[in-house]
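**Student:** Chains as they are written, first to last, in our numbering: chain C, 1 to 451; chain V, 1 to 374; chain U, 1 to 405.
The set of hints was computed from the structure by calculation and includes no laboratory data.
Every value quoted in this text rests on a predicted model; they were computed, and no experiment measured them.
Worth double-checking, as some hints may not be accurate.
The calculated DSS-like cross-link candidates involving lysine-lysine, where the alpha carbons are at most 27 angstroms apart (straight line), are [what the hints assert, rightly or not]:
hint, chain 1, residue 1, chain 2, residue 2
1, U, Lys-281, V, Lys-307
2, U, Lys-360, U, Lys-292
3, U, Lys-95, V, Lys-108
4, U, Lys-231, U, Lys-342
5, U, Lys-288, U, Lys-329
6, U, Lys-344, U, Lys-361
7, U, Lys-5, V, Lys-304
8, C, Lys-212, U, Lys-5
9, V, Lys-4, C, Lys-212
10, C, Lys-137, C, Lys-22
11, U, Lys-281, U, Lys-344
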Amino acid sequence: MNNPLYENWDELESVIQRTFGKTTDFVKVPIVFNNRKGWILYYSSLVGSDDLSSKLMLPLNLYAGKTDSLKQFRAEALASINYQYLSEWVSIARQLNKNSVCMLVEGEPEALTIEIGGYSERALSEPNIQPSVYGPKIAFTEDIVTNLSLLRRILRTKSLQIESYDISSDMVTGAVLVYLDGVIDPGLLEEARQRIRSLEGKKVTTLTHLMKQLRDNQKTNFFPTLMMNERQDACIAKLMEGRAVVLIDGTPSAIIMPVVFQDFFDSAEDAYLPKAMLVFLRLLRYFTFFIALLLPGIYIGVINYNYEIIPINLAMEIAGLRSNLPFPSVIELLLVEGAFEIMREGSIRMPKIVGNALTVVGALVIGQAAVQAGIVSIVVIIIVAFTGLCSYAFPHYNFSFSVRLMRFAFIGIASILGIFGIFLGCIALFAYLVSQRSFGYPYLQFNIKRP
Amino acid sequence: MLRKMDSYSPYQLFVLIFLFLEGTAILMNVGFDLGRDAWLATLVCTFFGMFLVWWYISLIRHSKQKTIYDVFKLALGKVGGTLLGVLYITYFLYICARDMRDLTELIKNAVLPALPLEWTALCFMAIIIYVLWIGTQNFIHLFMLFGFAFAAILAIFFALVIADGNYDFHNLLPVLGDGPMSVLPSIFTQILEFPFGELIAFTVIIGTMFPMLPSKVSKMAMLSVLAAGLLLTLTVVVELVTFGPSIRERAMFPLVSAARNISIGNFLERIEMFIIFAILLTVVVKVCIFAYAAIQGVAWYSGKPFKSLIIPYVLLTTVISFYVSNNMSEHINAGLRFVPFFIHIPFQFIIPALLFILILIKSRWRKPNEQSAV
Amino acid sequence: MNTSKRLIAGMVCMLVIMLLSGCADRVEPGELLVVTAVGVTKGEKGRYHFYFEGINPSEFTETKRQNISNSFVFDNEADALSGAIAIISQEIPLKPEFSHMQLIAIDKQLLEKGDYDYLDFADRFDQIRNTLTLVAVNGDELGHIFATTTPSLTIPSFGILRQLNELHNSVGGNYPTSLLQFMKNLTESGHNPTLPYVQIQNPDKKAESIDYAKQLNKQTKINLKSIAVFKEEKLVGELKNLQARDAVVLQGLGRNTLYNYNCGPNKFVSIALQFASVNKKVTYKQDKPVLKVYMHAAGTINSIQCANYFNGKSEDYNRINKEIDKSIKQDLMETLTTVQQKYKSDIFGFGEALRISNYKKFKQVKDRWDEEFSRAEVEVEVKINVQRSGIRGEPFTNRIKNKKY
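Assemble the whole structure, with the sequences as input and the hints as a guide.
**Tutor:** This is the structure in structure tokens:
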């Protein structure tokens, strides 16, 4: 049997002191409950005073004198509020960390915790990372309840199942697994449950931590197998395809899982497009994928190894532009490519007002000046700029990280083996992609008819 | 909807056999001494090839085994079976090394002339090891992707040949000018063995892919051989109509030469790199399947896990590929004259035929026993 | 040691090998000498005298232009083309690059002797394009030809090629023979090769500088009017002007051309032919070969100089059809018999026609086909269908005398 909450009422105050320490936002208020002594405990940083007085204090004043026990009081006065009866200090502390208020009354063996909440929240806003033209203009917020309501407001069906998990080291941060019952593959569901459960006790407080822990093959995985999404319609589309969505308290995005290679070439917008346009856009995105991945490598391979491929007029032009330059082509390309990556990284981290100026200045300085000084050739600037443009064309931002890194590998192999190296690299890359699994599903999906 | 890869589809077998047959055959000068009738020879061989693949599959199906190594054991007992199995493993490794050499010679001659052959082979070997490393199911899946890429490149190539307009179908005439007897010996001593007879390697794979070997599988395999043979014929025709038999006979890699011939608007020239990519894909398939067949055999006899054998055996194959011949002429001569006659014919036709007969006799002899057991 | 560590160790080894042995074929485009044309004549010190046309690539860019000539010619003597390339490396601090070579000009004298020893390198070398065009030249003129600029295109070899292609496409006057085609005709029986014969008109030292482009009256020109005729592997003569055009048409290589015929004293009707197609057939009549040529094409009236000759009626078209048929037939017969009697060489591919239609006979006469060709009877049948007359019906000359309005 568990230890009781307290041995006798008088030493309770010191027990509370011991359990919660001297943190300043912890509030303990002595009350009188039907002539018995009592305590109300809460964190002032988690419970708003307006809500506390309207939801708890007012009913306490009105009903406390008329009820005999805590249970009766709750049933009569606090019927519409989430509650729990707890008899352990650990679980009480956890509950308090979840915006609750704890009531202890002399003579009652269990403590009542009721969820009050009431701290200030951000209002719903438009999606920032994944803006759309036609789709709903609502993005997820930091509050998990709001996010769930956003989902259920569209999927008004009883098969929409929500499972809550208390993860993280203190078992406080709440993660929620959402799926459509009957649509989702049971094997996938079990796998998802298991992975989330395995997180218990680890330091997981935000979505990025969660992403890191949920991924497949954490060491060798190079392409994302999870997708962050802040759009309600994208999540719903994926849910209806039989995938699961994970939400975590405090992060305004959802994780969709499992995700395969092809998903990074779809955007939620595509549903609004006619079929022909859709096919065109898909092809365009795959094309940009290959351009963003291979173009600098192909450039090096062609320039340095397979010069004969270039048509003669262009060949003369390139030979002219490349004449009397200080660096070999590879070094030149790496310099410009590196400068471009730095520029890109710098402009993301800059405050918004400075950011625009930086990109323009950087482009001007590096492009124009370097060409005029005769340090790099203009061909390389064109190649790098076009490649950079292509890597922005993916609908999903986190996919382009893999592509950007892979590009350097291809530059490396092309500088050693030329176009032949690019071919070998492509084979290796696709062998890698084929061998990857996302929650047991092949990362590259083909629609092959099964017997 | 997402799908899992749980079983093999006959379409996968189709692509596998197709790419395997194209393998080095599309690269090398098939039937180079047949002049204008080389295409006819490949076409005729296609039909024999269909029969061959049906025969190989029914050999496995009849004996109710998974691989040809099981069949050896069944037919010849443990000692004899092991002996024959080792011979076959050597055979697969040798062919694998020859194919590897074909590709490295192509790269050396047409793409990177200054690079040492060893280095080209090492790079290629690394790819083969990785492709084998990712597992059977995955690499068969990967070869589906290769199939799409290969089909796209070849389609573009043929479209460009037509757009270029630099061809003359009169180069094919007269058909069989010197009579059918000038073609027949080559059909049976060269083209039927290379590439069609090399399908013997599938006797190791097909039983593990499709445990019961339903008739759908052999139908699909035959269809695939037909498609591959037709494509091979088409490439030979393209080579002949673009530059005639006398240049084709002297060409080391006629398809690559045919690709070099394309010139559209002084802009689209020298597109042979794309063809070389297509060839590279098919050679990867072929080398992988031969290596798989050999290593599977070693794993079967030694009981060691497949993955632990990949690196040593592919390394061994690479080393063999250096020493398989001294110069290009020896390589080609051996490949098109010596090897088919003295190595291919026994391993592809005679031994399987004897096995087939043995198994038929044994099964008839055993039948009463089995029935009583059931 | 677990597998991933082993894998990483292997990868590191590969990387080291890669860094140690790679980069063998690397070239830098800035350090290349792009050779666009090669000329071969007989040499004195070495076996051959080679002329090379190299490019000054900086002239083709906006920013680095120095206003020097776009190309330059250099020459040396060696026993083989590869030897000459070795000599280039001794003289010019750039790596010669042959993959963009477009033209090989060969001295007539070498061709007359049937000397092709310099060509095997071009046939075998992996950099060379199959579309490389061969031309025959007069050995003394070679230096001038490679140095004479053409208007607007300032690289001589480009000028020659463009001119040759233009001539072939618009009037079928000559045919740019590629290396591969030449090789095919040399090594297969039944079709002797021909080459375009490039000559220079009024060679002038002044024309060999970039200042010449500034002059208005250009007297120095490249002349492509004739084709060189080969018998077996030896050059035996040339066909000039219209006969050269007829030969190209008879070879079946002229798709578009222009034919004239007289409609009155010193007055001509000219018809542009499109889609010209020539079928050749060889039969044996009592051991004497008969060469049959069927030609048909669609025509358009280009100009009519005779007044009242054409009224835009259907009968007029028929009349013109008959007249042009007769005229073309006569031209082709003339050209054919000239080649038969003067050169005794089948440059038209009648042997191939015989091979296709009667292989047994072809095998008998294969080795003496040129004699058979020269004693053969010739039958020519021409069927031109003149279908349209441009955007006018009757010519205006009809209405000068006979005004209607």
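**Student:** Each hint needs a verdict: does it hold in this structure or not?
**Tutor:** Here is how each hint holds up against the structure:
1. U:Lys-281 x V:Lys-307: 65 angstroms, violated
2. U:Lys-360 x U:Lys-292: Holds, because 19 angstroms separates the two Cα atoms, which is no more than 27 angstroms.
3. U:Lys-95 x V:Lys-108: Status holds; Cα separation ~20 angstroms.
4. U:Lys-231 x U:Lys-342: 11 angstroms, holds
5. U:Lys-288 x U:Lys-329: With Cα atoms ~22 angstroms apart, Lys-288 of chain U and Lys-329 of chain U stay inside 27 angstroms; holds.
6. U:Lys-344 x U:Lys-361: 20 angstroms, holds
7. U:Lys-5 x V:Lys-304: 21 angstroms, holds
8. C:Lys-212 x U:Lys-5: Holds, at roughly 22 angstroms.
9. V:Lys-4 x C:Lys-212: 24 angstroms, holds
10. C:Lys-137 x C:Lys-22: The hint is violated at about 44 angstroms.
11. U:Lys-281 x U:Lys-344: Given pair Lys-281 of chain U, Lys-344 of chain U holds - Cα atoms ~18 angstroms apart, limit 27 angstroms.
Against the hints set out earlier in the document, violations occur for numbers 1 and 10.
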